[in-house]
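Number of protein chains: 2
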Amino acid sequence: MEHAGNVVLDLFLMFAGGKFLAEVFERFRQPAVVGELVAGIILGPSLLALIKPNELTLGLAEIGAIFLLFTVGLETKPRDLLQVGWMASLVAILGVVLPFAVGFFYMRVIDHSMIESIFVGAAMVATSVGITARVLADAGVLSTRMARVILGAAVIDDILGMIVLAVVSSLSSGKVNYLSLGIVAGEAIGFSLLILFFGSRVVGRLRPAVARLRARNAAFALSVILCLGLSLASVYIGMAAIIGAFLAGLALADHSEQYRLQENAHPVMEFLAPFFFVLLGAQVNLQSLNQPGLIGTIVWVCVLAILSKLIGCGLGALKLGYRDALRIGLGMVPRGEVGLIVAAVGLRLHTVSEAIYTVVLAMSIMTTIFAPPVLRLVLPKRDEEPAKA
Amino acid sequence: MEHAGNVVLDLFLMFAGGKFLAEVFERFRQPAVVGELVAGIILGPSLLALIKPNELTLGLAEIGAIFLLFTVGLETKPRDLLQVGWMASLVAILGVVLPFAVGFFYMRVIDHSMIESIFVGAAMVATSVGITARVLADAGVLSTRMARVILGAAVIDDILGMIVLAVVSSLSSGKVNYLSLGIVAGEAIGFSLLILFFGSRVVGRLRPAVARLRARNAAFALSVILCLGLSLASVYIGMAAIIGAFLAGLALADHSEQYRLQENAHPVMEFLAPFFFVLLGAQVNLQSLNQPGLIGTIVWVCVLAILSKLIGCGLGALKLGYRDALRIGLGMVPRGEVGLIVAAVGLRLHTVSEAIYTVVLAMSIMTTIFAPPVLRLVLPKRDEEPAKA
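Protein sequences, first through last, are from chains Z and E.
Taken in order, the first sequence gives residues 1 to 389; the numbers are from the working numbering.
Taken in order, the second sequence gives residues 1001 to 1389; the numbers are from the working numbering.
Some hints here could point you the wrong way.
To be verified - Simulated DEER-style distance windows between Cβ atoms:
#1 G293(Z) - Q1287(E): 39 to 49 angstroms
#2 F1198(E) - A137(Z): 45 to 55 angstroms
#3 L1047(E) - N6(Z): 22 to 32 angstroms
#4 Y1178(E) - L289(Z): 54 to 64 angstroms
#5 A49(Z) - R1145(E): 31 to 41 angstroms
#6 K1319(E) - E257(Z): 22 to 32 angstroms
#7 A49(Z) - F1028(E): 49 to 59 angstroms
#8 N285(Z) - I1110(E): 21 to 31 angstroms
#9 N290(Z) - V1210(E): 53 to 63 angstroms
Keep in mind that the hints were calculated from the coordinates and are not lab data.
Virtual Cβ for every residue (Gly too), placed ideally from N, Cα, C.
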């Protein structure tokens, strides 16, 4: 009974706290997701210490992120993503090269080791599309060309980020194995392109089989199985699970209306996603900021992380005009959970100091908190531009 | 990354395995929920050993049960439940007294200790309404008078079961404290009646405040907060969390259509409930059946558990005619997770032997597997009786 009580108490605090601050932030015209992050910081170990990450809440956060990207995928038709393919690639590549270079050289200049410098550079590469996707969805502009460039670039970005992460992991063991690195990269790119080009067609072929199923709401159950299955495949290939969830949504997007998949997946996402964002906030350790000189390094790394993505990705999207280039650059700024994964990998491999871990953690969170309100300021108003192009 | 892979693998195996066997069982005209239980036995430690209960999957199962009872509550209007109040009380009381007496005396006859006999009797008292509710929902008869008697009796039954559980827990510490026992029972009964009579009215009063909220789908978020909040209150009072979830659904049932709560809560339940049923199956340890004489005791306890509920509850509902009395008796047979909670409490308090723990576990599972297919055989056909009375 005590265990059950603790489980329900954690869920209640995280969900109610997140939703309460989300509402407060909405009232001040700030993104709801920042409210949920702040709720996590307040409820977490640094301040009230009412919640702390455990196996259950971390698992719920993971499932929340999976459903978040799944619903984003469901709203993204493959055809639309392919239309922006070249520009998205350019945005992603410039948004990887510039942040890595800037982060690496800054850390070398202030006399950090080669490995630590590569590690900080690698953490600055990642993009957490989940948070931007939520801001875009809240603003009702998910179907615009600009949003599609961001989502497409984020997918490519994650593939590139995965390669960089593989390099960092192999560095710690002494040397880079170019062959296995090439295999991992090839698998990841091949997997994504395969689903992008053929996923929707395969799902279409299964229509008669789905119609014969007896279970209630069988199409939704099957879509969840596909989502979990591709998430699992992503993890085995070496990418984040959320990439597979996004690809599953993509493969189902053309059939979403027929099977009422969005109506079914959205409530699950709305229940689970707050656990992801609240826990992201709860992982902030405010005490670790007391180290001398650390604040300065954090400020510089944060500024460089923001500017390098803004300029790199913005340059890649300049053809769409200054305004959309700015929006795309800002949309790519949040590092979120992807930066945190890099930080966790570095700490586990014992290649970086605790201080650098704190820097990367702070950078992930600051870019995540910074981008949404600014992005919101420059997004088109709901009535200025129609949501459905 | 490895951790994320394990999490997603567990989810995939449990969800896909459960849904696959649910479909197979549906094809043989058996309840889907038994398919999910069998999937758990096959995937669990006894056979394939592909999944095992851990903090995350146990937590998901708990949330699954909470959402299951929440959606059942959403479909139960308080007025309808009050209409069957007296009969439900009679069904519940006879369904508690007879199983306890039968279980207690049988164990005494085969020479078990006083405490072990009380413990087995207590485990035979509980009713797991979740499984029956799913069978009733699948058959489309949730709104019939018979279904309402079962749901009402199960609520009262859980309150009585909680009192019996409190007695068992206090027995292990030497003596029964009648005063604290009375306080716990009074709180539980008062809490349930309070929400039954006033919950719906309070929710109605909040309508203008809900209309002013800015967040997307704010009514659903609020309903989840109420569900988790009342679940938490139930745990603190000493009842199972699912009772609070059911009461929250009950308080919201009159407003469910206006806020589209069922459309939102159902997909969450459909995603999470399979984890509850699959894990219930995964907790079966087939190896522990090797003890000499244990099979005989299990068979006897199972037969007595089924007959005593069937006769006790059936007698209470005889006024509705033999057919509905039989349905109600069968609907009250599954002990499910409530029996398992009693078993776990007994084992933790070290008042009972491992063998008796196995007996109670087997009884909980056998009654749960036995009742749904038999109940399904005697339920009215969808076209024989209109679903909405």
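Inset, instruction - Could you tell me which of the hints above the structure violates, numbers in ascending order? - result: Violated hints (numbers, rising): 1, 2, 5, 6, 8, 9; every other hint is consistent with the structure.
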